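Participant: The lines below spell out each chain.
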Amino acid sequence: MHQNPLIDFLRSYGPNAASDALYDEHVQEEARKHGVEEIKISAPLVDEIGILLTSDSPTNVVLTGTAGDGKTYHIRQVALKHLGTRPEEWPGEDLVLKYSIANGRELRVIRDLSELPESVKAEEIDHITRCLLGADEQTVYLVAANDGQLLEMWRSASQQQDSPNATQNRVYQLLSNMLREEWEEDERGILKARIYNLSRRLHPSIVDETIDHLLEHPRWDEGCQGCNHFDGEKGCPIRRNRSLLRGATTNGDGRVFRNRVRDVIALAAANDQHVPLRQILTLVVNIVLGDSEDQDNPLLTCAKAHERVLGSEYSKTNPYDNAVGGNLADDTRRRFTIFSTLESYGIGLETTNQFDELLLRRQPASLAEALERVDPVYGEALFEKVRPEYVRGARERLDLKSFGRAMTSQRRRLFFQLPESTETGVDSHWLLTVFHNGGSYLAFQKAVEDGDSDNLVTTITRRIIKGFNRAQTGMMTDDTETLWLAGTVGQSDDPTGRVFTIEEIRRTRATGMFHIDVVHNEKRNRPHIQVVSRFPSPYEEELKPLDVRPLLFEYLLRVADGSLPSSFSRQCHQEVKHFTTMLRQQIARILYDEVPSLERVQMLSLDSEGKIRRDQMRVTVQ
Amino acid sequence: MIRRDQGSGVALPHDALDLPDHLEIGGIRDWADYGIWGLLLYDEQPPWFTLIECMHILFYREGAHKENLFEPVTHDARGKLKHEAVTYRVPLNLGLRHLLFRDLETPRVATHGTPNAQAQWQIFAERTERIASDLGLSFNHLQTVFEDVKSLNDALDLLRSTEVEAYSGRRWTSRHILPLGPDMLFADVREGKSEGKYNADRRFVRRSGEMLYLMLGRACSDLRKDVETLLRQRLLAQNTPWNQLAKLIRGGETTAGSHSEQTVELSTGYLPIPHLPVYNRLAQDWKALLSLNGKPIEDLLDPLMRLSTLHQTIYILNRSQTTRTGGPPDEFPPFVFELAGSARNNAVQRISLGQYGSHMRLPRQGIDAFIDTFSQSDHWTAAIGTSMERGRASQTLKDMFRWENDGGETSGRRAPPSHMLEQFRASALKGSRRSIWATFSNQTKGAGMAIAKRRAGTWYAPNDAVLEALVLANVKDPVELGVFLDDLYERYRIVVGQQQAQRAFGSDAAMSLEQLKINEQRLEHRLRILGFVDRKSDACAFVVNPYYERGDEARVEAAA
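So the sequence lines, in the order shown, correspond to chains A and B. Residues 1 to 622 in our numbering are what the first sequence spells out, letter by letter. Residues 1 to 560 in our numbering are what the second sequence spells out, letter by letter.
Simulated from the structure, these hints should not be mistaken for lab results. Note that the coordinates shown come from a computational prediction; the quantities given were computed from them, not determined experimentally. Don't take every hint at face value.
Covered stretches of chain A, going by a simulated chain B footprint (3 or more residues, C-beta under 8 Å) [to be verified]:
| no. | segment |
| --- | --- |
| 1 | 140-153 |
| 2 | 172-183 |
| 3 | 600-609 |
| 4 | 613-619 |
Simulated DEER-style distance windows between Cβ atoms [unchecked claim]:
| no. | chain 1 | residue 1 | chain 2 | residue 2 | range |
| --- | --- | --- | --- | --- | --- |
| 5 | A | Asp-607 | B | Asp-222 | 51 to 59 Å |
| 6 | A | Met-513 | B | Gly-354 | 30 to 38 Å |
| 7 | B | Ile-123 | A | Leu-456 | 56 to 64 Å |
| 8 | B | Gly-457 | A | Lys-401 | 36 to 44 Å |
| 9 | A | Phe-568 | B | Ile-123 | 44 to 52 Å |
| 10 | B | Arg-160 | A | Thr-167 | 52 to 60 Å |
| 11 | B | Arg-434 | A | Asp-331 | 49 to 57 Å |
| 12 | A | Glu-115 | B | Met-360 | 43 to 51 Å |
| 13 | A | Glu-503 | B | Ser-133 | 43 to 51 Å |
| 14 | B | Asp-222 | A | Asp-331 | 51 to 59 Å |
Every residue, glycine too, gets a C-beta built ideally from N, C-alpha and C.
Assemble the whole structure, with the sequences as input and the hints as a guide.
Facilitator: Structure (structure tokens):
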């Protein structure tokens with residue numbers, strides 16, 4: 001039977017991958033074993049680092065990032081492309097690789113700092129410390145470690161029981177500060193190093209290119225030549241899934257599936273759930289090769305794909321289920337950020353009548369047909385076995401459990417394949433997830449960053465304000481033009497408060513002392529709602545912004561729509577509370593040196609139009 | 001070693017101060033506890049009332065224009081350290097507290113009365129006339145302050161929203177609001193049988209707050225001065241709008257001239273040991289919290305209350321342990337904080353339960369050891385072995401411990417001294433209420449550090465407010481989660497995760513490290529929900545204090 005060696009090679013990227021530390025070596029070895037070129041990873045930093053190290057005045061480079069972001073890969077590429085290492089010499093026996101560089105300096109390269117044996121660790125850390133503080137300029141380091149390990153090493157070095165080490169503590173503080181603030185260079189120039197955090201450097205275009213490299217690997221066509229299922233009626237599930245993900249079966253820009261995958265990764269990133277590049281490859285491989293028959297063996301081989309075609313068992317290779325790790329054992333799924341994140345989105349577990357109507361009654365027909373054309377294998381063909389029993393009302397014969405599973409799979413198909421709601425007039429596909437407003441978030445994020453869609457930003461800012469005011473005051477207000485920072489007197493179990501001691505904050509600059517700016521924050525890469533005063537004094541500190549993450553966005557918009565999502569409301573409410581308390585204090589300092597006078601105290605209430613009004617305490621102060 | 005107080009002759013640890021001169025101990029029995037822990041940490045005083053009692057003294061000293069808020073321990077003429085003598089007055093504030101906690105008429109008039117303001121005031125005056133005269137004051141000034149009775153009622157509602165220990169159902173003279181100014185203070189009193197008599201019976205407010213005040217005052221002088229500056233800057237010298245409101249309602253009372261009748265005079269108790277590290281840590285936490293300009297003072301009182309109580313419980317354990325072993329402070333068995341608040345299949349809960357149990361035993365062991373030391377001291381050995389030994393032994397116990405046998409077959413002066421000593425010991429170890437361990441138990445639960453559940457027992461499972469207080473007081477710039485956990489262990493002997501457990505119990509101790517890891521993750525999870533965690537990656541998380549601003553300390557130093 002025909003076998004494409006690429007498939008066996010791709011399986012090594014799957015969710016059963018080897019241990020973290022040896023991953024790069026593992027992939028190289030698999031590539032050699034199967035005689036396949038490894039997947040090319042876009043790594044624009046390699047040249048930047050190479051140039052830094054080989055220039056006349058080289059700088060120390062620290063590579064950090066989550067396991068799977070390609071630290072070792074980058075170091076290998078730097079060594080091969082810029083330091084003259086030959087491929088067959090890599091990685092060699094030495095844990096510390098030494099090179100001569102410009103002006104008689106020595107470059108020491110450590111692929112994984114945490115791998116150093118205890119015997120040499122202390123000495124090496126000592127040496128790095130001297131270089132980082134500029135005490136030794138004859139040596140330059142290129143080292144990699146994930147952020148936690150990096151800090152841990154200097155923390156424990158500085159806490160040696162017998163002699164607490166101030167120098168190392170200094171480096172610990174500097175490193176910790178830089179990692180926290182996400183600085184690549186020390187502003188004050190004390191720490192002589194460039195710190196590249198590969199997690200933050202993972203630009204969406206890198207992700208896209210790498211997925212392309214995987215899906216467009218030359219061996220796809222070459223290796224499948226001569227296989228019976230290369231161009232069969234329904235065809236090989238592997239090739240089928242790949243082509244669904246490539247979006248090649250439709251005309252024009254039919255990459256809906258891929259775009260949806262990109263969107264969920266983007267939303268995760270905005271929620272501070274970073275998905276390393278390796279796990280993105282794992283996801284793609286799992287979508288294409290996933291098979292749900294045997295959780296211990298969750299990926300297809302050519303032989304198994306052959307069986308699936310013969311038995312027409314496509315329900316087992318459903319790429320939409322694979323995309324959320326449906327073919328994996330629970331603990332495997334949870335081990336991977338990407339799958340646990342997707343699981344937490346609950347894709348297909350939420351729905352609306354419109355979607356269920358579309359699935360059960362194929363209404364609107366034009367849309368149902370269009371979806372069939374995109375994917376004739378995993379839609380009707382699978383669902384027709386269960387649907388009639390439900391539609392005809394033969395409930396007694398209906399196996400509710402398997403019906404529910406089938407519905408969930410079909411809703412997942414909708415999530416990944418439904419055209420944009422603006423094109424169809426159907427609900428947003430995000431309503432099939434817990435992030436009902438996920439699509440709005442991404443649009444808002446982009447509009448704020450690009451600054452080219454004031455209308456969208458305005459509409460959404462109004463909804464945020466409304467939600468904020470409702471969450472804050474506990475009143476069902478419709479006020480979208482003023483942000484009310486109210487509270488209680490003292491900490492209280494009641495999360496809402498109506499005591500108001502500062503000034504209103506307007507949505508626009510037109511009137512009032514304070515107003516809102518919606519700005520894109522580079523560091524966090526998401527929108528911030530920034531309060532600014534109309535006449536800022538030169539001494540004025542920067543007011544604390546509201547950092548709009550997707551979770552908080554979801555909370556505020558749902559509250560604005562009149563519901564209270566209990567599962568994450570507490571966390572979000574705390575965020576709102578911290579923001580409000582802090583900002584009230586800051587504004588109070590601007591207005592009247594912290595403590596307001598009694599005349600300033602006002603109570604908020606609702607007027608007949610749902611707008612918030614404020615009333616002074618009716619007292620005469622002598 | 002045990003010595004006798006110079007004035008009263010009661011038993012004291014060798015390193016304790018003599019009692020302050022003003023302290024009247026005539027009515028006191030069973031002295032053993034007080035020698036070790038002082039006079040007095042009281043079991044029925046809730047943590048909020050402890051903070052408020054302490055504020056009573058601070059506001060009094062500010063109002064009386066004392067140069068120092070705290071009275072430092074000084075040396076007497078012979079160079080001996082001398083206990084502070086602090087006397088203070090607390091207002092009865094009867095008019096305001098009547099309207100807040102006893103009056104039913106104001107809301108009635110406000111809601112059912114006529115819309116005519118003048119007529120409303122007329123009804124209000126009629127209905128409150130009798131009580132006003134009983135209280136010896138007048139409510140007439142309210143008409144000139146508030147537009148109508150409804151406004152008065154709104155103002156009272158607002159002040160009432162700051163009540164602490166609300167819903168406890170205490171008498172109206174033992175209800176309190178946040179101490180946000182001198183007009184928001186109420187002496188805790190008993191209403192006498194005859195009209196207009198109120199006496200400080202110390203039923204719910206009995207010296208725990210004075211102890212807190214004394215502990216703060218005994219921190220090293222730099223810290224004490226910083227706390228002084230901050231207290232003035234953030235609270236004592238601030239005219240908060242809430243106090244302005246309280247003052248307006250109080251109105252005539254302060255101008256009535258009979259001010260002296262409207263206060264209660266008190267003087268502070270006894271704190272035996274002049275210097276302890278726990279006093280400094282307490283003051284450090286007050287300083288850290290009061291420095292947070294990002295939070296208004298009214299929001300800082302809750303964490304102040306919780307951490308003050310935490311330090312007082314640490315003090316109890318410290319004194320117990322030192323008395324038992326004679327060793328240095330801060331070597332008591334650590335706290336183990338369990339973060340799920342559930343006893344089901346939870347190894348950490350079982351460790352925590354064990355620690356709580358050993359803490360509850362520790363004060364008894366302290367007393368036991370104190371009595372042992374006494375029994376080997378000259379005071380006791382000189383009394384026995386003489387022909388008059390029964391009488392002298394009995395007298396010694398009476399003089400040094402204010403203990404007398406209350407009769408019985410084999411007791412009294414007829415019993416041999418050794419028997420008498422054991423009777424004394426049994427009585428000292430017996431108490432359930434009014435004992436220092438009852439205080440410990442109520443304090444830890446009252447401050448939200450420990451919970452008691454049926455069948456599962458009592459253990460340390462902090463609530464969110466305690467976690468918040470710990471973050472606010474211990475985090476300035478963000479710190480790694482691991483560093484934060486180390487700080488908790490070093491400053492409070494609180495164990496949460498694996499590493500602290502190994503430091504506390506040794507790496508060989510039979511513990512489920514896996515469960516402690518989970519416990520640590522639970523802490524992170526709870527801190528995240530509270531908005532105090534910034535996770536950078538799967539390997540690195542920072543604990544953040546959103547209220548800390550870089551300039552906070554600079555402001556303190558500039559003001560000092």
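Participant: May I ask which of the numbered hints given earlier this structure violates, with the numbers listed in increasing order?
Facilitator: 6
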